[in-house]
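Undergrad: One-letter residues, chain by chain:
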Amino acid sequence: MEKPKVATTSLAGCFGCHMSLLDIDDRILKLIELVDFDKSPIDDIKNFTGRCAVGIVEGGCCNEENVHVLQDFRKNCDILISCGDCAIDGGIPAMRNNIPLKECFDEAYHDGPTVYNPNNITPNDKELPLILNKVYPCHHVVKMDYHLPGCPPSADTLWEALVALLSNKPIELPYELIKYD
Amino acid sequence: MSQKLSRIIKNACESCGNDRNRLMDIVTAIQKECGAVTLEAMDIIAKELNVQRVDVESVVSFYSFLSKEEKGKVVIRICNDVVDILKGAEDVAKVFSETLGIEIGQTAADGSISLEYTPCIGLSDQAPAVLINDVAITNLTVDKAKSIANDLKNGVLPESLTKECGDGNNANDLVKSMVKNNIIKKGSVIFAERQSEAGLEKAITMSPSDVISLIKASKVRGRGGAGFPTGMKWEFTRAAKGDKKYVVCNADEGEPGTFKDRVLLTEKFDMLCEGMAIGGYCIGSDSGIIYLRGEYAYLKAFLEKKLSQRKEVGLLGANICGKDGFNFDIRIQIGAGAYICGEETALISSCEGLRGDPKTRPPFPAQKGYLASPTTVNNVETFCSIAKILEKDAAWYSAIGTKGSTGTKILSISGDCSNPGIYEYDFGVKVSDMLKDAGAEDTKAVLIGGPSGQLIGKTDFNRIICYDDLATGGSIVIFNSYRNILEIVKSYLEFFVEESCGYCTPCRTGNVLLLNKIEEILEGKGEPSDIKYLEDLCSTVKVTSRCGLGQTSPNPVLTSIKNFREVYDAVLKLNEDGRQPTFDIKASLEVAEALQGRKSVIY
Amino acid sequence: MDKTITFKIDGVDVKGFPGQTIMEAADAAGVYIPRLCYLKDLTPHGSCRVCTIKVDGRAQAACTQPIAEGVEVENNTAELNEKRRDIIDMFFVEGNHFCMFCEKSGNCELQAMAYRLGICAPKYPFQFPDCSLDATHPDLFIDRNRCILCGRCVNASKVIDEKSVFEFVGRGAAKKIAVNADTLAGTNMAVSDKAAGVCPVGAIIKKRVGFEVPVGKRLYDTEPIGSDIEAKQ
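Chains as they are written, first to last, in the working numbering: chain A, 1 to 181; chain B, 1001 to 1603; chain C, 2001 to 2233.
So that you can see chain A by itself, here it is in the shape it has in the complex:
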């Protein structure tokens, strides 16, 4: 029987959640016995090759590409997990949510104390995805099936959740594994 597929992505996140996934240490050997990785930075597969059982999403949506990828995940995954605080509540990127976009740009590209930008250019290549008016938690954009909080969620949390899902059980995290930091 074919192994179920898992896809992962990091949207407006820091890759910390992915690092935490790697922190499951030697259990990763068990994991690849259980699943195949499809689209994911772990194997660098860029596009979905088929339907996935589980999609793990790190980070919220701060630009249109994030939205596009998230919608793609929703389309191709049976179960979608918001992994980590940024996916769940926007996290640190969402601190800009009450600051007008223009001010954010000015601070980032012109006025910030560490900015070196002698030609005063605001990056605006057509290849660059447009920034959203604010950072959206994943479940504000598409329906998410599970939320694994933490910054990042611990390796044990991720492991427990994946093992439960792959054995067709609901995720029920014990007290020690629900943490928001």
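Keep in mind the hints are simulated off the structure, nothing from the lab. Where hints are given, some of them may not hold.
Computed footprint of chain A on chain C, listed as stretches where at least three residues anywhere in the stretch have a Cβ under 8 Å from a Cβ of chain A [what the hints assert, rightly or not]: (1) 2100-2106; (2) 2109-2119.
Result set (DSSO-like, lysine-lysine): computed pairs, CA atoms no more than 27 Å apart in a straight line [as the list claims (entries may be wrong)]: (3) B:LYS1490 <-> C:LYS2176; (4) A:LYS75 <-> B:LYS1458; (5) B:LYS1241 <-> B:LYS1219; (6) B:LYS1586 <-> C:LYS2123; (7) A:LYS46 <-> B:LYS1586; (8) C:LYS2176 <-> C:LYS2163; (9) B:LYS1323 <-> B:LYS1241; (10) B:LYS1010 <-> C:LYS2158; (11) B:LYS1071 <-> B:LYS1146; (12) A:LYS75 <-> B:LYS1599; (13) B:LYS1532 <-> C:LYS2054; (14) B:LYS1542 <-> B:LYS1490; (15) C:LYS2054 <-> B:LYS1368; (16) C:LYS2040 <-> C:LYS2163; (17) A:LYS143 <-> B:LYS1525; (18) B:LYS1458 <-> B:LYS1430; (19) C:LYS2158 <-> C:LYS2207.
Each residue gets a CB set at the ideal place from its N, CA and C atoms; glycine is no exception.
Given chain A, work out where chains B and C should sit, using these hints.
TA: Only chains B and C this time, still in chain A's reference frame:
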């Protein structure tokens, strides 16, 4: 300026005996004279009253008629209650805004005029209506609004806008208001012929506990809506320990669509005072307070005159009606625009010069009310009923109405009907009969008891008005088949969001979340699962809220789901692609597209 | 203290004294009723509504409701815990609670209550309100993003410190905590005040002492909030 301000404030404080508990009167006076209670003013008030500035700020920031920022010399408050909107308030607002060149919520640059919306001002039977300073202008049309706006622009004083006075005491020299009473149906208790002061005179021949027994035997219940037996309330207050006790009249009718107390205050004020004095006699109190909603400030001078007249003839003051040792006086406490102050403990807080936060219960007001003394708080109509009960007797009264709801009920009927106004019915009147009397045709929904009551449809029109079936404090709003139920629900939720005191979590935030969801549904972004979301959220807000506001604010949602489920089903649709219909990618890109001067290539 | 009152919480007999609230009697008996705004020694505020219980079927706040002979109190029921989750969810979406960098994380009562109730994410949409921060005081700062309007600082400053540094301003969703000057630095607030140490969340923080306790050793890292009370049983 500062010296002048200082003098105004000192005068205001002194006239209230520099009493911290009279802060509402002090800040209301300063607001009226200075157009604001600025931080500087708060500093001076705090020093005068020996409190902290933040204590004053806390109060000022609570009431919508008070403001830290300077308001115009003329403040136009357009009533945006649902009924007013049905009758064209939004068009009226637009005309005011365009003619005056200011947006709603703004003050003209020269400081002359402010324009804002305000919730129900108790004139639903003559909507659309506005308050210009304290002057009520009714039955507005777009043309009238335009001419008024132009007059105000040309410096015409608000007082001069009243061309023709309404009926009854509305024409009194101290009122001079165009407001009409619209008393359409007179019943056997309040609007019947009566012998003035007969009730009070009879009461003082009896012992206070015998009067209470009589009131209990009449089975009269509170007319504000909750329906607590009045005799019992007075018995508790009488029994409570305390040297000083208070009789408080709740004249803060703020439930959207109710205006009966305005008419009672205008035409039956003596009856009310008589009832209050009987209350004072029963519970052993020499002090009464009438909490008059800020929207009815135009009646204050008239009511105060009436009070002093009663004093002159020995119906208030010392040894009332010649009865030795029976002293009772009444003062008027003016409110400043807060629906929550209709809740009895919030009303007491406000009387004490505090934010209109409801108090923790227990202790109940009967034990610890105004200034921690035993206090009874009753509705205007309840006091009036008591006067009549004493004039007649308990058996006469309890024969009127139904078994559990004796006497009559005054209804304020408005909305889609040809005869909006005041109706006094025996309890037990059928909704369909009431609709017929009001000249309502093609009725789709009736809101019984205002938004905190229930929205019923045709299948319930054979039900009756009483505490055990359709309870109401008096507000009846009629909607015809052209009205959008979801829009109505949304408006009422906006009202509750605006009026929540914010003290407890479920009411402060739950109502915002309910409103958000109803707005999404109205925008066509609703899904079938939203029904359960709404029902669960409503349940949490109702069960866990601290006072009646949150315990009833979800009612428009719940009763519309129950009685008009089809209007929800018609717009809720399942989104099968797993996307959130509430997320609008195009809208979320607008700012960046404008800023970067290019369009999204993905969306 | 001449009379003992006996009542039931979730079917179990609890004894208390006249004048006690249900919360006080339950605490003494080792029965934990979830709560947020309540703090022993302060006047019960009754605002968070997390301690909602049912007394003979009627919803009440345990922190303000006096005990009464023979009443049956429901506390740890599926229905009430669901309502408590809803309220905790409301707190999370009405503010901006960024636990990942908050000094209070691990010792935060709001976070701990969410942990105890097993909340992975709030069910309501985030509101992302615009809140202000006041870092003018040399030893303290106020972050209103995190404030849950519990009133502890107001009460402690008024009653215990006798200063009235804090009060609520505004109403409804616009209600917020204000200080008795233009900024906190302008008040007579001292870091040693009781009011400086009662905040259940990270809204009032003492400067230069953040992150003192390492992760794993903080108050609620391993033991759910309320464990100390339950240990009395």
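Undergrad: Take a quick look at whether LYS1071 (chain B) and LYS1146 (chain B) sit within 27 Å of each other, Cα to Cα.
TA: holds, 21 Å
Undergrad: Is LYS1490 (chain B) within 27 Å of LYS2176 (chain C), Cα to Cα?
TA: Judged against 27 Å, a Cα distance of about 25 Å means the pair holds.
Undergrad: Within 27 Å, alpha carbon to alpha carbon, are LYS2158 (chain C) and LYS2207 (chain C)?
TA: holds, 23 Å
Undergrad: Quick one, are LYS1586 (chain B) and LYS2123 (chain C) close enough, alpha carbons at most 27 Å?
TA: holds, 25 Å
Undergrad: Taking 27 Å as the top limit, are the C-alpha atoms of LYS1458 (chain B) and LYS1430 (chain B) close enough?
TA: Roughly 12 Å separates the two Cα atoms, so the pair holds.
Undergrad: Given the hinted pair LYS2176 (chain C) and LYS2163 (chain C), is their Cα-Cα distance within 27 Å?
TA: holds, 19 Å
Undergrad: Given the hinted pair LYS143 (chain A) and LYS1525 (chain B), is their alpha-carbon gap at most 27 Å?
TA: Distance ~14 Å between LYS143 (chain A) and LYS1525 (chain B) Cα, so the pair holds.
Undergrad: Would the pair LYS1323 (chain B) and LYS1241 (chain B) pass a check requiring their Cα atoms to be no farther apart than 27 Å?
TA: Holds - the C-alpha atoms of LYS1241 (chain B) and LYS1323 (chain B) are around 24 Å apart, at most 27 Å.
Undergrad: Under the criterion that the straight-line Cα-Cα distance not exceed 27 Å, is the pair LYS1010 (chain B), LYS2158 (chain C) satisfied?
TA: holds, 26 Å
Undergrad: Check whether the Cα positions of LYS75 (chain A) and LYS1599 (chain B) lie no farther apart than 27 Å.
TA: Measuring from Cα to Cα gives roughly 25 Å; hence the hint holds.
Undergrad: Check the hint pairing LYS1532 (chain B) with LYS2054 (chain C) against an upper bound of 27 Å on the C-alpha distance.
TA: holds, 23 Å
Undergrad: Assess, step by step, whether the Cα of LYS1542 (chain B) is no farther than 27 Å from the Cα of LYS1490 (chain B), and give holds or violated.
TA: holds, 18 Å
Figure legend: structure checked against the earlier numbered hints; the only hint not met is number 4.
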